[in-house]
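S.K.: Each chain is listed here by its residues.
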Amino acid sequence: MQRDGHSAARVRTIPLIAPSVGALLVWMIVPLAMTLWFSFRRYNLLNPMLTGFAGINNYRFLLRDPALPSILVITVVLVLAVMVLTISLGVVLAAIFNTGFPGQGIARVLMISPFFVMPTVSALIWKNLLMHPVNGLFAGVLRSLGFPVIDWFSSFPLISIIIIVTWEWLPFAFLILLTALQSLDEEQLEAARLDGAGTIAVFFFIQVPHMARAISVLVMMETIFLLSIFAEIYVTTAGGPGIATTNLPFLIYQRALLAFNIGGASAAGVIAIILANVLAALLIRTVARRLDV
Amino acid sequence: MSGVKTWLAGGVAWLIAIVNFFPIFWMLLASLKTEVEAVQTPPLFIFHPTLANYRDIFALQGYAGYAFNSIAISVLATLLMLLVAVPAAFAMAFYPGRYTRDILLWMLSTKMLPAVGVLVPIYLLSRDLGLLDTRTALVIIDFLSNLPIGVWMLFTFFRETPKDIIEASRIDGANVGQTILYVLLPLVAPGIASTALLSVILCWNEAFWSLNLTAHNAAPLTAFIASFSAPQGLFWARLSAASVLAIAPILAFGWISQRQLVRGLTFGAVK
Amino acid sequence: MTAVAIRGVRKLFGQIEVLHSVDVEIDDGDFVILVGPSGCGKTTLLRMIAGLEDVSHGEILIGGRRVNDIAPKARDVAMVFQNYALYPHMTVRQNMSFALRLARTARVEIDKRVERAAEILGLGQLLDRSPRQLSGGQRQRVAMGRALVRNPQVFLFDEPLSNLDAKLRVQMRAEIKELQQRLKTTTVYVTHDQIEAMTMADKIVIMRNGYVEQTGAPLDLYDHPANQFVAGFLGSPSMNFLDGEIAEGAMIAADGLRWPLPESFAAQPLSGRKVVYGIRPEHITITEAGIPARVQLVEPTGSETQVVLQASGSTLIAASRERIIAQPGTILHIMVDPARAHLFDPESGKRLAA
Numbered sequence: 045m046q047r048d049g050h051s052a053a054r055v056r057t058i059p060l061i062a063p064s065v066g067a068l069l070v071w072m073i074v075p076l077a078m079t080l081w082f083s084f085r086r087y088n089l090l091n092p093m094l095t096g097f098a099g100i101n102n103y104r105f106l107l108r109d110p111a112l113p114s115i116l117v118i119t120v121v122l123v124l125a126v127m128v129l130t131i132s133l134g135v136v137l138a139a140i141f142n143t144g145f146p147g148q149g150i151a152r153v154l155m156i157s158p159f160f161v162m163p164t165v166s167a168l169i170w171k172n173l174l175m176h177p178v179n180g181l182f183a184g185v186l187r188s189l190g191f192p193v194i195d196w197f198s199s200f201p202l203i204s205i206i207i208i209v210t211w212e213w214l215p216f217a218f219l220i221l222l223t224a225l226q227s228l229d230e231e232q233l234e235a236a237r238l239d240g241a242g243t244i245a246v247f248f249f250i251q252v253p254h255m256a257r258a259i260s261v262l263v264m265m266e267t268i269f270l271l272s273i274f275a276e277i278y279v280t281t282a283g284g285p286g287i288a289t290t291n292l293p294f295l296i297y298q299r300a301l302l303a304f305n306i307g308g309a310s311a312a313g314v315i316a317i318i319l320a321n322v323l324a325a326l327l328i329r330t331v332a333r334r335l336d337v
Numbered sequence: 019m020s021g022v023k024t025w026l027a028g029g030v031a032w033l034i035a036i037v038n039f040f041p042i043f044w045m046l047l048a049s050l051k052t053e054v055e056a057v058q059t060p061p062l063f064i065f066h067p068t069l070a071n072y073r074d075i076f077a078l079q080g081y082a083g084y085a086f087n088s089i090a091i092s093v094l095a096t097l098l099m100l101l102v103a104v105p106a107a108f109a110m111a112f113y114p115g116r117y118t119r120d121i122l123l124w125m126l127s128t129k130m131l132p133a134v135g136v137l138v139p140i141y142l143l144s145r146d147l148g149l150l151d152t153r154t155a156l157v158i159i160d161f162l163s164n165l166p167i168g169v170w171m172l173f174t175f176f177r178e179t180p181k182d183i184i185e186a187s188r189i190d191g192a193n194v195g196q197t198i199l200y201v202l203l204p205l206v207a208p209g210i211a212s213t214a215l216l217s218v219i220l221c222w223n224e225a226f227w228s229l230n231l232t233a234h235n236a237a238p239l240t241a242f243i244a245s246f247s248a249p250q251g252l253f254w255a256r257l258s259a260a261s262v263l264a265i266a267p268i269l270a271f272g273w274i275s276q277r278q279l280v281r282g283l284t285f286g287a288v289k
Numbered sequence: 061m062t063a064v065a066i067r068g069v070r071k072l073f074g075q076i077e078v079l080h081s082v083d084v085e086i087d088d089g090d091f092v093i094l095v096g097p098s099g100c101g102k103t104t105l106l107r108m109i110a111g112l113e114d115v116s117h118g119e120i121l122i123g124g125r126r127v128n129d130i131a132p133k134a135r136d137v138a139m140v141f142q143n144y145a146l147y148p149h150m151t152v153r154q155n156m157s158f159a160l161r162l163a164r165t166a167r168v169e170i171d172k173r174v175e176r177a178a179e180i181l182g183l184g185q186l187l188d189r190s191p192r193q194l195s196g197g198q199r200q201r202v203a204m205g206r207a208l209v210r211n212p213q214v215f216l217f218d219e220p221l222s223n224l225d226a227k228l229r230v231q232m233r234a235e236i237k238e239l240q241q242r243l244k245t246t247t248v249y250v251t252h253d254q255i256e257a258m259t260m261a262d263k264i265v266i267m268r269n270g271y272v273e274q275t276g277a278p279l280d281l282y283d284h285p286a287n288q289f290v291a292g293f294l295g296s297p298s299m300n301f302l303d304g305e306i307a308e309g310a311m312i313a314a315d316g317l318r319w320p321l322p323e324s325f326a327a328q329p330l331s332g333r334k335v336v337y338g339i340r341p342e343h344i345t346i347t348e349a350g351i352p353a354r355v356q357l358v359e360p361t362g363s364e365t366q367v368v369l370q371a372s373g374s375t376l377i378a379a380s381r382e383r384i385i386a387q388p389g390t391i392l393h394i395m396v397d398p399a400r401a402h403l404f405d406p407e408s409g410k411r412l413a414a
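Protein chains in written order, with my numbering: chain A, 45 to 337; chain B, 19 to 289; chain C, 61 to 414.
These are calculated hints, taken from the structure and not from any lab test. Careful: at least some of the hints might be erroneous.
As the list claims (entries may be wrong) - Result set (DSS-like, lysine-lysine): computed pairs, CA atoms no more than 30 Å apart in a straight line:
| # | chain 1 | residue 1 | chain 2 | residue 2 |
| --- | --- | --- | --- | --- |
| 1 | C | Lys227 | C | Lys237 |
| 2 | C | Lys227 | C | Lys244 |
| 3 | C | Lys237 | B | Lys181 |
| 4 | C | Lys172 | C | Lys133 |
| 5 | B | Lys181 | C | Lys334 |
| 6 | B | Lys181 | C | Lys227 |
To be verified - Here are a few chain B residues that face chain C, going by a calculated C-beta distance under 7 Å:
| # | residue |
| --- | --- |
| 7 | Val54 |
| 8 | Glu55 |
| 9 | Leu69 |
| 10 | Ala82 |
| 11 | Glu185 |
Here a beta-carbon is modelled for each residue, glycine too, at the ideal position from N, C-alpha and C.
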């Protein structure tokens, strides 16, 4: 008997999925291809006469830039510092919040709120209201205690950025870890306590392993988002002083939209993409294995 | 856990929560001060609150236009996302095929592309298509950036609906559109709502593209607030009021949907 | 007239063949039950009739029309799902009328049909409730009502009683059978429960591992099973089996004891052949003399007594209307009704015809 060419039973899923896949395919392929293409072109918006194939000159120029190593270091330090801070603080806070103290709901709302504050507002709160060397709250407090005032963005520019970004992303880590913790089977905890495990033992041997999956998801998501940190730098330090807070996104922004050097910016873009994928490649595989599809 | 330990944990947790929330609270205070009080040193905790800043924002700054941009972009991008993501999630949740898993993981992987890596081409494309400083450009970009999250989130919600019910509606004579409209959507309304909410939150707070692709016409609140960074020290109170207004609705949305947010932001890996 | 015909139907999931060339003819108005252990392919076959699964090879006809390429909604079938699959956001009335509303049936007609189905099923008071507010049995009725209002050519039931408690299951069993006899609508019903199959069906299709083992009226299958699987599957407690060899007009068991053969076999030259001897519990009687058997367990169910025995190296169950009192370990004697004994080929499992 002939196998049927089309079938009544099968719902035709292609027309349902195609718009999503198509849109994302275009969204991914077209700009990626263009970035790659431009990165090998001589292309400056200020100088229309400058055209043609640049070979690897854009890359050579970029890689020879004495600032590049420190920019890469700044980019990675920013990602790693915030990731380590948010996840380690998040794990501890999640364990504390999981105890079910009075007013837990409201305290949790206070904890997660910074995540919903738009990055530009967060940056301005910290820059003006808190860290401003003259009128900021921190300066006021230090002064009234008789300490010298700190000019945060001049003296500790990268640390200041890390503090701001950590404040924004701690709620994210906290919320996800707390949710993971709350899904821990109560019986398992009771069994552990009957086996004589104290609070500390429960935390390290039961709760932390249970959060492993959530932590791996966090690492992946934060890698993606933190590699694109831009607004906070744009609003507070504009990459300075010098290049003390210039990360790859900000470099690209400067090259492309301030210097109009499309070729150079594209080469930096390619490097950002490679960096993101190197950092995330292993992580996404870990996560993929844990997704039950 | 013993009572003492609970109280101790509660005390520590409350302390951290208050410290953590303090910057937002401090901004709220600043928004109720006069400009002079706002920059006063030492910082002022007790003062006579005023709503003048909130009045001024609407009167002076063209705030309404930026707010409108934020609302229009968030809502349109979210609707567009749902329109495209719901059928895809429906197909993959109820009629999984050999490639469903691969498609889902591929969608996830599109988030691996850092926005900054494609800033140049997106900027040039927008310029060449005449979309620089238009809401259209941001709607399209927000729609595309949130599409993978939307598909994933809906997928995990849909899968909790028994397939029987979908099949029953097929036997009852419903086509795919009718099944989605009359059977699935009413059943997963809470899931749809939280997916929409997450999308609105992400669109609303999106700063990278807003800062790079908009100027005056299409700038949403994120870009508007950033424009205050230049003349620093001048309008702290007014800036604070504008900021409070800009974040208030999203804070509320976030509080409402915190649990579902986790699912969306972790692609269903944590519920 | 044939209402549903399944001809040479095979089903492949990827490389795995779950149905191997199945043929079933279902007459108009018949109540046919597909029964078999889990994984036998019965539900897959039902879903293929419904149009929820593709037919890989072969064809399915409903009312003489080939439906392989016809969408479920155009097949004129209604289905009752195992978990009822009621629309939780609709009232009972909306659940029952959904198909008719989709088909743009006139309001008056919808109301008439829903009222009538509700009356038949005793759902009159519940029409404006939501499924959440109903008990398991009531949900079951709503699921049936949803099928009923459509007045389809064929009803399909997928293990509809498996979620009900034992008592309700017996009650619904009777109700469904009674309803089907009243409506005379062709019905295909899937279950793994052989008692449901025996009590409800006009015709049983016994399946295993994607093959149809035997098709026929319940008592025919019970009395004349085609093979050892069918013999063992139908009946509770199930048929006893002993291994042995034919000699001198009897079966000689492993321990040398003689088990009597049906008369029809006595004349045949089967001597020396290895066989499996099958005898149902109710065809073993406990007597003063006969084959000795050691009592292992006595299980009184009230209406009858089941005795688990050790005889000829095998465990047997005897069922008796009489109340038997015996201590485990004591030796009883049993007699079998030779006319009711079956012989099976140990290799193929096929019943040896007399």
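S.K.: Does each hint hold? Answer for all of them.
M.R.: Going down the list of hints, with the structure as the test:
no., hint, verdict
1, C/Lys227 - C/Lys237, "16 Å, holds"
2, C/Lys227 - C/Lys244, "26 Å, holds"
3, C/Lys237 - B/Lys181, "28 Å, holds"
4, C/Lys172 - C/Lys133, "22 Å, holds"
5, B/Lys181 - C/Lys334, "50 Å, violated"
6, B/Lys181 - C/Lys227, "28 Å, holds"
7, Val54, "58 Å, violated"
8, Glu55, "54 Å, violated"
9, Leu69, "44 Å, violated"
10, Ala82, "39 Å, violated"
11, Glu185, "5 Å, holds"
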